[in-house]
Amino acid sequence: MAPTTRHKLNRVIAELEPGVPVTVRDLAASHISADLAGHYHAAGWLERLARGVYAKPGVALDLDASLVLLQQKIPGLHVAGRSALERHGIQQYLGSSRPLTLLGSAAARLPSWFATRFPASYHRKHLFAEPSGEPLYVHPMGARSRQPLVSDPERALLELLSEVGNRQPLQEARELFESASTIRASALQRLLEHCTSVKTVRLCLALGREFTFPWARDVDASTLPTGSRQRWVRRSPEGLLVLKP
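Position 56 (the sequence shown) corresponds to 112 in our numbering; numbering is contiguous.
I should point out that these hints are in silico values taken from the structure, not numbers from a laboratory.
We put the CB at the ideal spot given by N, CA and C, even for glycine.
Where hints are given, some of them may not hold.
Stated by the list, open to error - FRET-style restraints, in silico, Cβ to Cβ: (1) ARG265 - GLY75: 26 to 32 Å; (2) ALA162 - VAL115: 28 to 34 Å; (3) ARG265 - GLU73: 30 to 36 Å.
What the hints assert, rightly or not - 30 Å max Cα-Cα, derived DSSO-like pairs, lysine-lysine: (4) LYS129 - LYS112; (5) LYS112 - LYS181; (6) LYS181 - LYS255.
Given these sequences and hints, build the entire structure.
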């Protein structure tokens, strides 16, 4: 290998953060072409995770860094629902291991290099009317410099409730909801006003009243999209879920 190429390789390997996946665009910023990256992979100096995605070899991938890369590929992708609540310290059982809940605004499939390392589910969901195109109450969160987007507790709670009757058992949702007594009424008000799911709005208000949370008195239900005066009924494995307007 020519001295210049060897120097370039040493610099790139030194700059790669352990466990952080990079794209060919990232490598191009260090003057490493796609062809040269392929050569480095063949020589064992880079691990190829997928076409155009590489990492430092011999190091386990970091979840948060991997999520940051996925956010570049999947519009609106963020840690959502129960998984977001867990990151905020709201969880049913300490130490429980469940697949990561990811939501986004586009139809997509998690790449195999991610799915084989991190059990996760991804779904496209438009739970809120967001005029700016940017998710409401979703912010970077994590210990690394590269922080993935995570739903704030108020949004995560509504994302969780939106799945009741489908992928989310009602009893677990109730228990998590009961643990979220300190959520912000102002944030919840805005999210509920933009919520496109009548079921989610009604269920949130019903549980808030049931558990007599302080925010339940502060949220103005008269401005919320609670639908018609008819009851909302859905059959689930746990029985009938009936929500009054």
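Inset, instruction - Hint by hint, work out which the structure violates, then give me just those numbers in ascending order. - result: When the structure is compared with the hints, numbers 1, 3, 5 turn out to be violated.
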